[in-house]
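I would like the entire structure built from these sequences, with the hints used as guidance.
Residue numbers (the numbering used here): 2 to 143.
There may be inaccurate statements among the hints.
In silico PhoX-like pairs for lysine-lysine, Cα to Cα no more than 25 Å straight-line [to be verified]:
no.	residue 1	residue 2
1	Lys-95	Lys-115
2	Lys-25	Lys-119
3	Lys-119	Lys-81
4	Lys-122	Lys-25
5	Lys-22	Lys-119
6	Lys-119	Lys-16
7	Lys-22	Lys-81
8	Lys-16	Lys-115
9	Lys-95	Lys-119
10	Lys-25	Lys-81
11	Lys-122	Lys-22
12	Lys-81	Lys-95
Computed beta-carbon distance windows for the label pairs [as the list claims (entries may be wrong)]:
no.	residue 1	residue 2	range
13	Asp-8	Arg-87	16 to 26 Å
14	Thr-133	Ser-9	15 to 25 Å
15	Leu-33	Leu-13	20 to 30 Å
By construction, these hints were calculated from the structure, which means they are not laboratory data. Note that CB positions come from ideal geometry on N, CA and C, so glycine has one too.
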Amino acid sequence: MEREIIDSRIRLMIKYLDRLKNFKSVQLTDYLDNFDYQLMVERLIELLVEASSDINSYMLAQLHNVIPSTYYDSFIEAGKNHLITRELANELAKSAGMRNRLVHQYIDHEIVFKSIPKALKQFPLYIQQITTYLDTQEQEND
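In structure tokens:
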């Protein structure tokens, strides 16, 4: 398994999270009135889900010979295979549903807005758990 493939996705996720942090202090009414804000938040959440799912799929295939068929499954399988905790896996699997709604334009802007704090909590935790898993694997293989 090539660590750099995962690290490059993590670096992207950190950039996305840094951008998403700009929306922590935005009020709901301002968010609903600003189409640019809506587009940015929607896209950032979509990119976070895709990057983390890519990491899941790559690690699961390389380490456990598991090929998830959906974004949702990638998180559930990541939890089952101890890449991340099951609790976090279940929470992030819900974000896969949000991503699908965004992509297919079934958007409730208030729900997207309310997902900002969740994303800012869950995705850094995801990065931490994946990094810890990889560091542990490297130590065991040295």
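Results for each hint:
no.: 1; hint: Lys-95 - Lys-115; in the structure: 13 Å, holds
no.: 2; hint: Lys-25 - Lys-119; in the structure: 11 Å, holds
no.: 3; hint: Lys-119 - Lys-81; in the structure: 22 Å, holds
no.: 4; hint: Lys-122 - Lys-25; in the structure: 12 Å, holds
no.: 5; hint: Lys-22 - Lys-119; in the structure: 11 Å, holds
no.: 6; hint: Lys-119 - Lys-16; in the structure: 17 Å, holds
no.: 7; hint: Lys-22 - Lys-81; in the structure: 30 Å, violated
no.: 8; hint: Lys-16 - Lys-115; in the structure: 20 Å, holds
no.: 9; hint: Lys-95 - Lys-119; in the structure: 11 Å, holds
no.: 10; hint: Lys-25 - Lys-81; in the structure: 32 Å, violated
no.: 11; hint: Lys-122 - Lys-22; in the structure: 11 Å, holds
no.: 12; hint: Lys-81 - Lys-95; in the structure: 16 Å, holds
no.: 13; hint: Asp-8 - Arg-87: 16 to 26 Å; in the structure: 24 Å, holds
no.: 14; hint: Thr-133 - Ser-9: 15 to 25 Å; in the structure: 18 Å, holds
no.: 15; hint: Leu-33 - Leu-13: 20 to 30 Å; in the structure: 28 Å, holds
The structure shown violates the earlier hints numbered 7, 10.
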